[in-house]
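**Student:** What follows is each chain in one-letter form.
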Amino acid sequence: MAGSIIAKSALAISLALTSGLALAAGQYGPGASDTEIKIGNTMPYSGPASAYGIIGKTEAAYFAMINEQGGINGRKINFISRDDGYSPPKTVEQVRQLVEQDQVLFLFSTLGTPTNVAIHTYLNDNKVPQLFVATGADQWNNPKKFPWTMGLIPSYGTEARIYAHYILKNLPSAKIAVLYQNDDFGKDYLNGLRAGLGDKAQKMIVATQSYETTDPTVDSQVVTLQGSGADVLMTAAIPKFAAQAIRKVYDIGWKPTHFLSSVSNSVGTVMKNAGYEKGVGIISAAFAKDPTDPQWANTPEYKEWLAFMKKHNPSANTADVQGVIGYSYAQTLVAVLKACGNNLTRENIMKQAASLHDLKLPMLLPGIAISTSATDFAPIKQMQPEKFDGTTWKLFGEVLSGS
Amino acid sequence: MHQFLQQIFSGLAAGAIYASVALALVMIYRATDLVNFAQGEMAMFSTYIAWTLVNAGLPFWAAFLITLAVSFVGGMAIERVLIRPVENAPVLAAVIVTIALLLIFNSTAGWLYSYTVQDFPSPFPDRPVFGALITTRDLGVIAVTLVMLAMLFIFFRFTATGLAMRAAAQNPESARLCGIPVGRMLAIGWGLAAAIGATAGIMVAPVLFLDPNMMGGVLIYAFAGALLGGITSPVGAVVGGLIVGVTENLVGTYLIASQLKLTVAFALIILVLVFKPNGLFGTAIIRRV
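These protein sequences, in sequence, are chains S and Y.
In this text, residue positions in the first sequence follow the working numbering: the first is 1, and each later residue adds one.
In this text, residue positions in the second sequence follow the working numbering: the first is 1, and each later residue adds one.
The shape of chain Y in the complex, shown without the other chains (with noise of 0.2 Å):
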């Protein structure tokens, strides 16, 4: 019993993990209707980052809002700079762009940080609690991806650029002509990806150990957890990651060889595509014609 509880709880804290890049993902998605590919290096490039300031001295938190900002500016550029001019292009131009800023940031990072494995500090004491089924960091990642979620829920709800982003997104002839400048809410929409994306690496630096390589494994999983929970819900994105990583845990425990963890999400991800396309917690995106 012990295990099984212990089990759960390692896949809850992977799966905070898969949900913060998903909610970047879902961000992304909402933002532009773009898969985005190169999320996961971003995140890394974005942990980096941080990995200098705080190496040069500064208080993790200071590091944590300058990364943030610089991030968020960042995003907004390769929006601006790299996504802009295949905006109208078939959907496959844009896909391979992504692509291909994830080659570049992987490689980038590698040649400006080396691809030694590094330790990260983290922000959260590093206690076993709760008869040890989880260390304090681990609820840490959990509560930071929760207010992760609450911020981008009220974002959506209840601010104006939330509401204009979302009628850009769904509607951007409709939206221009209400006056809501649909080029720079695309650019925002990246900008909050990237933040996003950015918390992310950044909380989970300190469990994976940083290298160029971070993000890769994780990605898959994300995207598991984004279509899972509905690539259009935050929500969904959230739950479904933690869905992944517990599912993970249990079948590889339970029902079959660990070898094959990563084969149990690209499961989910094919069910998910053929019985529920929109997933748990998504919308399906209707087109007037």
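Okay, chain S solo, but in the shape it has when bound (with noise of 0.2 Å):
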């Protein structure tokens, strides 16, 4: 008898402690523990966008270099990225899928705008995070309606008021036409462009055209542009329409000056399948550095980014800045789990994503800074305008912020 009250008083002073020891080391949310963080991730591997599945491909590759390191805090990253072929519907499902079964930590980097508004009240309702969405749209700056949402690229909006800024100062009498995506991406670029203008918008604009992802070509709508008689053009458009734009613009003999979307502004995938000679002049914006351009080539940061392609990422194409955007994304995300140490909670990785202050990543443009704060979900505001040469982006004037 007393044998067992000892045996039972043992019992609970060891259940205490390991619920004692259990305490001190994390408090957990659902797909988090001593030995993992779960999170989930949907890309277009397949469909219109999939030149942008080299972005998860570069995000597993740096988690998996990161593990074999010895993990975050101790702890390994589990990432499972799945294929949506930006399709909204498939997204929907999958991230159904990613916290109701997987019962992942949190998304991140989910690729696409229309992808990510179909599944942006879902996430914020059950508030699981919707961290580092992997578009531009200017909605997920949103703290207030939104909480568990939160973008890291420039806008749309402010890449457009950037070229908006830039053609009231040297092209003050341009007539400007727009090709741009029939969804909030291209609308995101076009408002922009017109809140850039200000008043003079209305009559600067002279013709805009949109495509849907599901055109086999943006031949026609390039042709009725031309037609309105406009010398500046702005593309707004996913990589392979941008790509048949240029060189469209080109046979049909159009000389506009040309502004193209910073997110189809790859040299591996777009300026080469365009044709180099047909980009030439072409104007862009970048935060990040185009590992084309020949002035990065002997910094150590570009040699250590390519050292982690040649032996994590070997199939990619390292003349794609995806590959460097996809980089940044992970890198980013391994500071917030850094900062978040044993307290892996939901509430607090929105918290210490909402708490970076003057983050600088190697691969982003000098300058250029990562900050955030509890009204702020807008992590990079800034860009610099960029001219292609024919083999790669030349930089030139200086870093804006484009408000």
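Calculated from the structure, these hints are not laboratory results.
It is possible that part of the hints are untrue.
[Stated by the list, open to error] Label-pair restraints from in silico Cβ distances:
1. H2(Y) with E301(S): 45 to 51 Å
2. F124(Y) with E301(S): 39 to 45 Å
3. K127(S) with S107(Y): 31 to 37 Å
4. G131(Y) with V206(S): 21 to 27 Å
5. Y276(S) with N171(Y): 42 to 48 Å
6. T391(S) with T136(Y): 24 to 30 Å
7. T136(Y) with N298(S): 53 to 59 Å
8. P362(S) with A93(Y): 46 to 52 Å
9. N298(S) with H2(Y): 47 to 53 Å
10. Q170(Y) with K255(S): 52 to 58 Å
11. T391(S) with A150(Y): 17 to 23 Å
12. K175(S) with A143(Y): 33 to 39 Å
13. S107(Y) with Q101(S): 20 to 26 Å
14. N298(S) with G131(Y): 45 to 51 Å
Beta carbons: idealized from backbone N, C-alpha and C, even for Gly.
Reassemble the complex: the two chains are provided individually, in unrelated frames, and hints are given to aid placement.
**Tutor:** As structure tokens, this is what we get:
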């Protein structure tokens, strides 16, 4: 009898001890434990936007490298990345599965504007972080209404306003034509341009044409825009259609000052496919170092990136700036997870993501840093204009914030 | 005026692409009485074979001919292995098989070659001509489509195999009684359609860029073209394809917003089916019961 009391109290003490230890070791939301952080992601590995698949592959490769090095605070990253084909209904299906069956701690770097719009409300209703979405739509910076969603790259509106300022300053009598994807991504560029031009927008924008991602080509739209008599063209398109547009503009002998959305300025996938000589003189904007720009070739940051790509992501095209973008996305997340320490709850993830102060990443342009706060969910706000010279992008001017 | 002409020429260039796929659809329909939903994906897959050969260092036209041969054999094999078992089943079964093929080819291409958008070499020089109305490459695509059409016409009208194939499709039983190997004719029909599709794929890849979804949008327009021209007529397929290409451009530019271009193709399909089910050049298929 006495023995059993001793045994019971010993059991109670050991239980108390172990639960106490567990508390000391960490606080966890779903998908996190002493050994693992489970992260969900959707990517267009197939479908019309498949050129962006390299972002997901690079992120997976980066996390694999981090795990090889021992993980983050001793925890391995379990990165579950699924294909949604850039199709919003598929994104919803995949994300519900990631949240409800795989029980991921949060969603990271889900790619695409229409696809993220489709899961925006669901994730916020369920208080699951939709962290660092891989799209630049303006709506991600809305902490009041959507406290569980945060972007990373400069918003499309910011970028379009930078172009608008350039046009007002250098081409004050421009007649502008706009080719845009018929969804929130394309419309953000159009609206940003209008906002940046202010009351001149009505007069300066002489034609707009949109395309659907199911269209075989955008040739007809380009021809229509040329017919408007415009001498400036802004293209807000995903890589495949951007390449078609660049080629068609050249083929029909149109020579506008061409502004190209930064999400489709990859030398390796867009400029090469369009034909290098056809893209000479195009203006775009960047926040990351283009891997084809020779001025970075001898810097330690570039060499480290290249060594990482060669070792961990050997099948990827190292002339594709999206490989740099995916690398920077992964590094931003690692910084947030390190800051979380042993408190891996969904609340703390968002809190730490909203407390980044002047974070500098090796492959972001000099002068560009990441800052967030409880009321500011737009981590990168600056870009620098650049011009294509037939082989690479040449940066010019200064880093601009576009506000 | 210049813009109007430019829209027409752009439309002709796009229309030639639709026409070449429509030709392959007509080929299968004439040979086997089937609509092959996998036609576009088979063409895409053939194009990847050509792409692999070109990247391996073969000259373009050698790669082209090898691809045609491989596609011909592959098309015959598909008919023998996958279509033959459902030959006497309700037509829906065969439709399901071709839809399955569509998905299989699409995913296999993605798995083998990745979904990265690839540049594809064009056999024709790429120069704007006629006041930049059209490029020599687009003219090349149109020319190849017309050559294919002429060859098909000659094949069906003047060669013994072509005649036998028509007989086998129109009246299998009588054809068999006359000593025509109907089964072999059906297989040859699929082989030829696959080869035509391969040609179409190789011609359009430099324009659309090669990726596993290259033919997704094209197939819908090709259907519209084939139906408009009459699904039994090769001439109709080409004329129909060109009409669809020009119409979608003109309607999209001058009448409605360009967002509705795809809708134009569907509206055409519906209008044709309602008012002229046999298309412009098609012949009514009359069956004795």
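**Student:** Hint by hint, say whether it matches the structure.
**Tutor:** Verification of the hints:
Separation of H2(Y) from E301(S) is about 50 Å and conforms to the stated range, judged on CB atoms against 45 to 51 Å. The hinted window of 39 to 45 Å between F124(Y) and E301(S) holds, with their beta carbons roughly 43 Å apart. Taking the beta carbon of each, K127(S) and S107(Y) are about 35 Å apart, inside 31 to 37 Å as hinted. Checked against the hint of 21 to 27 Å, the pair G131(Y) and V206(S) passes, with Cβ atoms roughly 22 Å apart.
In this structure the supplied range 42 to 48 Å is violated for Y276(S) paired with N171(Y), their Cβ-Cβ distance being about 57 Å. The given range of 24 to 30 Å is respected by T391(S) and T136(Y), whose C-beta atoms sit roughly 26 Å from each other. Distance hint check: the CB atoms of T136(Y) and N298(S) are about 42 Å apart, inconsistent with the given range 53 to 59 Å. The given range of 46 to 52 Å is broken by P362(S) and A93(Y), whose C-beta atoms sit roughly 58 Å from each other.
For N298(S) and H2(Y), the hinted distance range of 47 to 53 Å is satisfied, since their beta carbons lie about 50 Å from each other. Taking the beta carbon of each, Q170(Y) and K255(S) are about 56 Å apart, inside 52 to 58 Å as hinted. As the Cβ distance of T391(S) to A150(Y) is approximately 44 Å, the hint placing it in 17 to 23 Å is violated. Checked against the hint of 33 to 39 Å, the C-beta distance between K175(S) and A143(Y) comes to roughly 37 Å, which is consistent with it.
Between S107(Y) and Q101(S), the C-beta spacing of about 23 Å keeps the proposed range 20 to 26 Å intact. Separation of N298(S) from G131(Y) is about 47 Å and conforms to the stated range, judged on CB atoms against 45 to 51 Å.
Taken one by one, the earlier hints fail for this structure at numbers 5, 7, 8 and 11, listed in ascending order.
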